[in-house]
Amino acid sequence: MELDVSFWLTQFLNGLANAMVLFLIASGLTILLGVLGVLNLAHGSFYMLGAFLIFSSSIIKNPSWFWVGLLLAPLVVAGFGTIIEAFCLRPLYGRERLYTLLLTYGFTLILDDLVLLIWGRDYKSVPIPALFEGRLTIGDFSYPVYFLFIIAVGPLLGVFLWFILNRTNFGKLIRAAATDSEMLDALGVNVNRVFTGVFALGAWLASLGGILAAPMRSVEPGMGVEIIIESFIVVIIGGMGSYLGAFVGAVLIGMLKAFGIEILENFAMIFIYALVLPILILRPRGLFGETTI
Amino acid sequence: MSAFRKKAFFAGAIILAIGLLSVSTSFAAKTIKIGVLSPLTGLYSIVGKRTSQGINMAVKEINDSGGVLGHKFEALIRDSETNPASSVRTARRLILRDKVFALLGPLHGGAAIAVLQESKKLKTMNFPWAATEEINTKFCSRYTWRVGSSAQQTSRAGAVIAHRLGLKKWATISSDFSYGRSVVRQFWNYLKERDPGAQRPYAAWPKLGENDYSAYINKMQKAKPDAIYVGLFGADLIKFMKQARSFGMYEKVKIFTDFGGNHVVLKALGDQAPFGHWASSRYLHNYPVSAANKRFVDNFRKAYNVYPDMTAGEAYSTVHVIAESIRRAGVVDKEKAIDAMGGVAFNSPEGWIIMRPSDHQGWQSSFWGVISKSKKYPFPVLSNIQVISPVEGSHPDENTGQGCRK
Amino acid sequence: MEGSSSNKFSLRRLTGSVTSRFGVTALLALAVLAPFLVQNDYYIQLCTEILIASLLAISLNFLIGYTGLVSLGHAVYLGVGAYAFALLTKNVYPSMWAGLIAAGASCAILAWFMGVFCVRLAGLYFAMLTLAFSQVVYTVAYYWRDVTGGDDGMLGIPKPEIGIPGAFSISLESFTNFYYFVLFIVAALIFLAWKIANSPFGRVLQAIRENPERVEFIGLPVHRYKLYAFIIAGTLGGFAGGLYSTFQGYISPDLLYWTQSGEIVLMTILGGMYSFLGPAFGAGMLLFIRDTVLNFMEYWRIVVGGILVLLVLFLPGGILGFFEGWASRSSIGGNDGDDARS
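Going down the list, the protein sequences come from chains A, B and C.
Start counting the first sequence at 28; every next residue gets the next number (the working numbering).
Start counting the second sequence at 90; every next residue gets the next number (the working numbering).
Start counting the third sequence at 13; every next residue gets the next number (the working numbering).
Isolated chain A, as found in the complex:
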């Protein structure tokens, strides 16, 4: 029986590691939906950009490459997001929201080729940072340290987000904009600046997800397509605009993927939708949809 405990624990941690990457992407997506009402299809591209930037950083043969990349790459991507929001998305706010869908789709296409133009077609492999090499072993149980690092980063960022949204001025403005942006505008607040800030925050989070995933997954154009649909499902489950919902949704999806293959090996994905459909039908606003952020 000893073996089984470590098997189930490993599967649980696998689910959790998967969930934390999803959470980083979904949390940005959900805030964007809650505040701007924009379904940003280019969100997966920010995830991809994060991964490509950490690859560039990994070329520096210095042990600190990972930390430099972890600090700088999300800032670069957030800056890039700011430009997209200010110059391309902002003119569309007065129009049908659908146009933003079209615009962000256009950007996913552009960015897929842009990374090829910048980084070339050769395969990118990002090593595991030396600090997190190896496994943590307790008796029969042994688990990769890097996965544990990913699992630890998720809640840390969750707390960080909570702090920004609830304890800072910027957070108050975000929450106010989500409730009634016109009122905020009337009060003399520059709503556009709040929107830009939210977009940049989302891009920052998504690229962090890309950085964490890069050493374990492949770094390639188009890597955002799969992740955006899964994150979108997380948003549906958790409820639009709720970052707590994004956390819970991500954990649920991660667990279903890890344990689903125990029950129906090749049908594991079906469990995810078996969860999503009833939630949408019975509680369209998701599990935590009532509380806006």
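Keep in mind that the hints were calculated from the coordinates and are not lab data.
All values derive from a computational prediction rather than experimental measurement.
Built from N, CA and C at the ideal position, the CB exists for glycine as well.
Each hint should be verified, as a subset may be incorrect.
[As the list claims (entries may be wrong)] Here are a few chain B residues that face chain A, going by a calculated C-beta distance under 8 Å: (1) K328; (2) F336; (3) Q361.
Based on these hints, arrange chains B and C on the given structure of chain A.
Relative to the frame of chain A, chains B and C by itself:
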């Protein structure tokens, strides 16, 4: 009205741009056009660039030596997007609009089967690189030929090595689609045939393009096999290897990877490669040590400053085999070239390839070796290379070639 | 995704503008003459694909443009229609008509089932539920290897000949014959859709888009009207799926994936969702641009994406919407200025 005029200007500019793009390329007389479906984007994009390079090099060689029967070769390389629908659409365009002499690729198993149906209907030679076994059995036709190895050859060769090493208890993992299933089926059936005592407590079938293999790896470890056979291809294999390494699989079991000997995979894995484990590649830049291979590798490095990988080698050989069939036919004619194709022999960088008339498969040896660090190269290579004769990979099978004469 | 002030301007477009009669006649003439104009089998089959995509985009516009419901799962009908056609003609009976009816009917039933749940929601929630439903069907098609062939898809879907048994029959194997067959079916279905759109029923749908509360207040069952629109859109989409199946001869679960749904939305908005034929125009543009760019440059995505971004920023109301606006502006005298911008 100025805003309106601005809009009109943009509309005009866009239409003009599209118009300019659609101006067709000039048609040079006396050229033989070959259409290439190269995986430039998508799951197999890891080898797309090398495929195109292999093609371009062969075309340049043929043209520099005066062409074939006074005709120059011209390669039309298009992105297959590693996706069946796009591959079929582009194949149709190459055949109907560009009137290509032959169609090369694609590499994706599902796409290859879809494209070969199309090329059969439109009566154009097709040389898929996918190793799916059905290509020479139930989907074979007069127009379908394969210069590259088949899963039957490499996977059975893998079973021969596995049997030699006396490994009994296996787990397998491969993508859930035609090629992935083909690879594992060929390996497992052949091993069972040679060693009825072999057992397989776990077979994993993750979907194509899966990102996270950790749950499957955990299940594999639970099954406690002596060895695992990995049929994953392209970027999927690299993701799997990196994750298997973090879970300590490299130390616990013997690993056999069907595609893992490919140069681009080993280069991408670098220090994280599974040293001491077995892998195969359908072409190797360091074996055989022949004049043909040395010339190919040297020229390839001179042209592109990289080493050729498996797909570069197969793409290169395919173009030369087509040229050879035209020479044998003595006339530039699609149908006559097909008539002459059976029995074409080409001294390729990986050794002689002979096009077998019965099932339209290129006869060639298979190579398996141990992944090792090398003093000569700055990346891992295969050493202790075992050459498995083509006879192993083509044992008589009543289904083989059943459709090839249709 | 909520309605915006551009609706005023667009309502006129939907019911037909000054140019529509002339435009439609010209378009139909162009479609009939197309095989003689392009003179190449490849372009004949590209036109066939554009016709099928047009039907698909127009069917989706029943939801987006008319009823104001943005569906992000419309590919489900393309896929289910395609699989229904393939399964019937390959395994049961190889008949073109039976296949197409199976495609339409299966999608009508599916749309009715999905619609019951979906139409109760609005805005983004509606979009999400349609997306989730389509992904469920995708997952089933992907993993149910025994029936759908899984990731490998289904091959060798026939093009059964049409005609009256014993009397005459027409083979559809030639590209030109098949083009005219598709043109006939698509034109008939689009005409039917146009009739529905301009019927009192169609006007109620537009009223629902503008102001659902008021329609409810008048005493009309809003949900039921939405459900009907959902079923019409699904059924038309199913026919498009059936045609696609026989056209390609090969189908795979990719047809059902969410990116495919996104592409149909793209066609619709690109051409102009407030104009009846706008979506068809968008379908044609998208397929033509992609076909051209893909074959002339390695980095085709950046060009297609760039064109999209420019169009969204500078041509609000879609391409056809823009040209219709232009035409009506010059005929009216251009006094209604820049209402598309608002």
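Q.
For each hint given before, does the structure comply? Return the numbers of the non-compliant ones in rising order.
A. Violated hints: none; all satisfied.
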